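Trainee: First to last, the protein sequences are chains A and B.
Everything in the first sequence is counted per our numbering, starting at 1 for the first residue and increasing by one.
Everything in the second sequence is counted per our numbering, starting at 1 for the first residue and increasing by one.
If you're looking for bench data, these hints aren't it; they were derived computationally from the structure.
Take these hints with a grain of salt, some might be off.
One copy or any two copies: either way a pair holds, since identical chains are not told apart in the list.
Unchecked claim - With a straight-line cut-off of 25 Å between C-alpha atoms, the simulated DMTMM-like cross-links for lysine to aspartate or glutamate are:
| id | residue 1 | residue 2 |
| --- | --- | --- |
| 1 | Lys91 | Glu56 |
| 2 | Lys74 | Asp279 |
| 3 | Lys110 | Glu31 |
| 4 | Lys43 | Glu308 |
Predicted model, so just to flag it, every value in this text is computed and none were measured.
Protein chains: 2
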Amino acid sequence: MTQAQAMPDPQPIWQIMTGFQQSAAFKTAIELELFTKIGEGNKTVADIAKACGAAEKGIRVLADVFTVHGFLTKADENYSLSDMSAAFLDKNSRTYLGSAVEFIMSDGQKRGYEDLTNAVRSGGSQIQGEASMDPDSPMWVTFAKAMMPMMFPAAMGIAGNLGFEKDQKLKVLDIAAGHGIFGIMVAQAYPNAEIHAVDWANVLTVATENANRMGVGDRHHLIPGSAFDVEFGEDYDVVLVTNFLHHFDAETCAKFMSKVYAALKPGGKAITLEFIPNDDRVSPPGEALFALVMLAATPGGDAYTFNELKKMCEDAGFSSNVHVPMPPMPQHLVISTKEG
Amino acid sequence: MTQAQAMPDPQPIWQIMTGFQQSAAFKTAIELELFTKIGEGNKTVADIAKACGAAEKGIRVLADVFTVHGFLTKADENYSLSDMSAAFLDKNSRTYLGSAVEFIMSDGQKRGYEDLTNAVRSGGSQIQGEASMDPDSPMWVTFAKAMMPMMFPAAMGIAGNLGFEKDQKLKVLDIAAGHGIFGIMVAQAYPNAEIHAVDWANVLTVATENANRMGVGDRHHLIPGSAFDVEFGEDYDVVLVTNFLHHFDAETCAKFMSKVYAALKPGGKAITLEFIPNDDRVSPPGEALFALVMLAATPGGDAYTFNELKKMCEDAGFSSNVHVPMPPMPQHLVISTKEG
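Chain A on its own, in the form it takes in the complex:
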């Protein structure tokens, strides 16, 4: 064994190879409401299994897996939620995030990873049909519904970084609004803001529902269609470009930002929300790994560095571009101002 013990530890190889097994276990735990049922007071395998409608053997294995991962604790054969699971994985929590698996681990998203070798060979996803860029793709309705809770902190960050007077009248364009939460939280923070949300018509139904539910429906207006094709109108104080640019190549992004520039009034601000890695492209981890997501999902998208985003914005006419990280979130802001 001397020889084997002198070797590096191959554990990381085993861990990365079996990561898909842990992802599947997480999806199953969400589907069976494992965390929710434990949060409701079921502690033993027998009680949890009954509450989840599952076999005791299956629940024992699943609960042990999440104890290993620190999502649960186990003492005297009783399972409890960790603080993190209680906050984010119990459906009774207002900050429940579990719905994200419905998008992140949807068949549509997983397809890109089944074909990843081909994407690396070609430099971008080769998947056709119902892909990220197709109008009326049901993927974006799923996205809008499943991912909204995960976007709350970033939406709070945007509303908190706009820098206008609270009672100012604001005309806000929300590009590729999806669930609408970015515009909605601006509307909540600025009572005189009017939001104009652009997205495909089927997706905007989700945004409208959310705007009504969150009490800003009367200030939430719709511009259905592709963000590349529709007329935005003009004289906007704010244009929100959230989780959008990463789907496209740099040239397309720069051209698109020209359209944004044209829609702003002098002194207006484009707020870009992006996963922005450092120039080394390998830090911070969450930001850097997002490049893989775009390689798997899009023909030409990427996780752009701030310098790359700045170049796009400068090419579009913005002379002032400020990078605003929002740790611990992997999503950062770029605030680009149209000179007055």
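Given chain A, put chain B in place with the hints provided.
Mentor: For chain B alone, coordinates are given in the frame of chain A:
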């Protein structure tokens, strides 16, 4: 942002959900020989892409992903292998383990995780056809070829723990031999050992190839068929029960160990190789998580604790059962002796 910052960090949720993305990236890196080509001296994106026959954009993203994971280092846009990658992921290394993805991430193995919710509901895999238990399943030929390198350390551990005199004449039964490496390394350590390997006929062709290549072909004999059905013969000094019991329920295991007991001569040893978690079933991590693998792959298998294995062996007649962990490996031995 005060409210958001007071919350627990949801990063572990993102990490477990996106684990399947990293697994896919690993499979792609192995398929394109990313680590091998870097090991051969290709350092820049352009050179690596050319050597791998892939696009520069794709290789940049892939190499950055593995830099984030610590499998590569990156300095001045030049990538290098970590010690671990050089040892285990470069095909030119004698300890290359990358082939394991061909089994661990095969379609046959992944199917169980696609159906995991159903398995938890039912208490075991509901997958039919070409599953772990089917004779002539090509899965086990893939297993034999892909997983042999990963089993070298455990095989060395077995040969080193038998405790016989080196020149002793040994009659060894190698149950579900697969690649044959467990019996083969006993044959290498004990020049007067004769190995009798049991497995399905299609799988044994792999074991025979390996025995010939490793110089013990003249002492490597075949008993083709199911380990449950074939006649083992008798008067064995050693029976190797490696990575076998975890596929079956406890009752089946105990019954099978009775057959092993009957095949041994007095003083003979059954050597069981298993992922053996502690009684708490949630430590150590590698051992504990193996229960998930069996839930996804088998109707009744499990990662058994030492006390459970001891009970099976005692029920089969073995009065002496010794637990031999082999850290840092997740696989342990149980050495069961038939009283003389």
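Trainee: Each of the hints needs a verdict: does it hold here or not?
Mentor: Hints, verified against the model:
Only within a single protomer do Lys91 and Glu56 lie at most 25 Å apart by alpha-carbon distance; the minimum there is 22 Å, versus 43 Å between protomers. In this homomeric assembly, Lys74 and Asp279 come within 25 Å of each other (Cα to Cα) only across copies, at 12 Å, whereas the closest approach inside a single copy is 43 Å. In this homomeric assembly, Lys110 and Glu31 come within 25 Å of each other (Cα to Cα) both inside a single copy, at 17 Å, and across copies, at 18 Å. Taking the closest pair of Cα atoms, Lys43 and Glu308 come within 25 Å of each other only across two copies (24 Å); inside a single copy the shortest separation is 51 Å, beyond that limit.
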